[in-house]
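Protein chains in written order, with my numbering: chain A, 8 to 166; chain B, 8 to 166; chain C, 8 to 166.
Just so you know, these hints were derived from the structure itself, not from any lab. Predicted model only: the values in this text are computed from it and were never measured. Any given hint could be a false lead.
Identical copies carry no separate label here, and so any pair may be met within one copy or between two of them.
Unchecked claim - In silico DMTMM-like cross-links for lysine to aspartate or glutamate, where the CA-CA straight-line distance does not exceed 20 Å: (1) 12 / 144; (2) 104 / 128; (3) 12 / 157; (4) 71 / 112; (5) 71 / 128; (6) 12 / 159.
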Amino acid sequence: MADKKDLTIVCFSGDFDKVVAAFTMATGAAATNRKVTMFFTFWGLNVLKKKQGRAWLGQGLMAKTFNFLMGGRKTLPLSRLNFGGVSAGLMTGMMKKHNVATLPELIEAANALGIRLLACEMALHILELGREDLVDEVEDIVGVATFLNESENGHIIFV
Amino acid sequence: MADKKDLTIVCFSGDFDKVVAAFTMATGAAATNRKVTMFFTFWGLNVLKKKQGRAWLGQGLMAKTFNFLMGGRKTLPLSRLNFGGVSAGLMTGMMKKHNVATLPELIEAANALGIRLLACEMALHILELGREDLVDEVEDIVGVATFLNESENGHIIFV
Amino acid sequence: MADKKDLTIVCFSGDFDKVVAAFTMATGAAATNRKVTMFFTFWGLNVLKKKQGRAWLGQGLMAKTFNFLMGGRKTLPLSRLNFGGVSAGLMTGMMKKHNVATLPELIEAANALGIRLLACEMALHILELGREDLVDEVEDIVGVATFLNESENGHIIFV
Numbered sequence: 008m009a010d011k012k013d014l015t016i017v018c019f020s021g022d023f024d025k026v027v028a029a030f031t032m033a034t035g036a037a038a039t040n041r042k043v044t045m046f047f048t049f050w051g052l053n054v055l056k057k058k059q060g061r062a063w064l065g066q067g068l069m070a071k072t073f074n075f076l077m078g079g080r081k082t083l084p085l086s087r088l089n090f091g092g093v094s095a096g097l098m099t100g101m102m103k104k105h106n107v108a109t110l111p112e113l114i115e116a117a118n119a120l121g122i123r124l125l126a127c128e129m130a131l132h133i134l135e136l137g138r139e140d141l142v143d144e145v146e147d148i149v150g151v152a153t154f155l156n157e158s159e160n161g162h163i164i165f166v
Numbered sequence: 008m009a010d011k012k013d014l015t016i017v018c019f020s021g022d023f024d025k026v027v028a029a030f031t032m033a034t035g036a037a038a039t040n041r042k043v044t045m046f047f048t049f050w051g052l053n054v055l056k057k058k059q060g061r062a063w064l065g066q067g068l069m070a071k072t073f074n075f076l077m078g079g080r081k082t083l084p085l086s087r088l089n090f091g092g093v094s095a096g097l098m099t100g101m102m103k104k105h106n107v108a109t110l111p112e113l114i115e116a117a118n119a120l121g122i123r124l125l126a127c128e129m130a131l132h133i134l135e136l137g138r139e140d141l142v143d144e145v146e147d148i149v150g151v152a153t154f155l156n157e158s159e160n161g162h163i164i165f166v
Numbered sequence: 008m009a010d011k012k013d014l015t016i017v018c019f020s021g022d023f024d025k026v027v028a029a030f031t032m033a034t035g036a037a038a039t040n041r042k043v044t045m046f047f048t049f050w051g052l053n054v055l056k057k058k059q060g061r062a063w064l065g066q067g068l069m070a071k072t073f074n075f076l077m078g079g080r081k082t083l084p085l086s087r088l089n090f091g092g093v094s095a096g097l098m099t100g101m102m103k104k105h106n107v108a109t110l111p112e113l114i115e116a117a118n119a120l121g122i123r124l125l126a127c128e129m130a131l132h133i134l135e136l137g138r139e140d141l142v143d144e145v146e147d148i149v150g151v152a153t154f155l156n157e158s159e160n161g162h163i164i165f166v
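For reference, chain A alone in the conformation it holds in the complex (with noise of 0.2 Å):
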């Protein structure tokens, strides 16, 4: 098995169905032994902020307003069908009344298996957020370089 193929997921999206879905396929790859990376980008960033609903990080107003609209991981929108962000719940019912992860059980998946997670050092420049506003499984905050390099013996899924 150790010849598969390794994934690298870039999380750009903060969309919540997304995010799922890129939960979904790395802690699958990583359960069948791919070594998988999770790379976090702008929208993405999201999920990797320790606050998890709205909350004005930064310094600037530009970047304390944007992040505050951004919001963190309870507050990620579906991307269509979001009606004002009350969908996202009722997915997470609809999973829960059929067994399925749900997100923070994903996440947690992701981190029992040993998924790295890397956060973008440009987006989290651009939006004034440091170390200290992330979520401690953050492995590292890496440049686009960096997270190619990881990438050269696998697979790259853009969501």
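Got chain A; can you put chains B and C on it based on the hints?
Showing chains B and C alone in chain A's frame:
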């Protein structure tokens, strides 16, 4: 030509324009001797539903409502400039005018070229859809691990 | 370094944030000695239009209207929190503040690094755009089969 890379397309989005892009890449790849697999999940399942318009599929009220709102192959929205659903029709008109294959023609071509259509087990589960709700052309219902194994020797494109 | 994988980016989306991500990955890959190709299709073509604002391009009324609404490089919307178009400007301000390359600078860098810019034949056809409507930096207008052949030895990222 036998050594060309396989192509797996994850059809996550049910946006009309992205579905057209997915089938264009898929048929183009198959026509040039690549083994092509399309894996449909979440919004992408709308393309595979037997009911091509809006329909109350599933058992529970929540699933029924979601499936109704998600619609089918004939109600796919444009990812932008949708204008309440008329744009997909306008776009189809422009494709016909220029003798470019329309979506139904692309799907037919995909079948003729032997492209495998797979549906995502977990997404069907959440949306309370069964094999009987999907068109006959669907070859199998599989999980993430199977889809990843099928993709080992090629590219994965997430649309 | 010669054995690093090539990178092909399919720039389908014309969202400002995704285009910035596409060019950031492209220039980062090229700067670390990868052969990089960018294939622009549908909304992504807005980046390559000579007219950087809204313009009535194409022959028929439908194409003219679509092109006008799609806009150009200077009217790319943010994929979320667009606020009627002001957000791309705000984002550019935040990028400048932190000395991060802005979109025009990234495009210039892409040219300087020898990244190949290809435009999708079929999408141009549907939108009734010709070579004369695109910036000089576009190297060629190609179909899906050509783009796939160019991508054989590397990653494909669909943005």
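These are the hints, each one checked on the structure:
Within a single copy, residue 12 and residue 144 get their C-alpha atoms no closer than 24 Å, and across copies no closer than 29 Å, so neither meets the 20 Å cut-off. In this assembly of identical chains, residue 104 and residue 128 lie within 20 Å of each other by CA distance solely across copies; the values are 15 Å between and 38 Å within a copy. In this assembly of identical chains, residue 12 and residue 157 lie within 20 Å of each other by CA distance both inside one copy and across copies; the values are 12 Å within and 12 Å between. In this assembly of identical chains, residue 71 and residue 112 lie within 20 Å of each other by CA distance neither inside one copy nor across copies; the values are 29 Å within and 25 Å between.
For a Cα distance limit of 20 Å, the shortest separation of residue 71 from residue 128 inside one copy, 18 Å, qualifies, whereas the shortest one across copies, 41 Å, does not. For the identical chains of this complex, residue 12 and residue 159 are neighbours both inside a copy (10 Å) and across copies (7 Å), given an alpha-carbon limit of 20 Å.
Hint violations for this structure: numbers 1, 4, all remaining hints satisfied.
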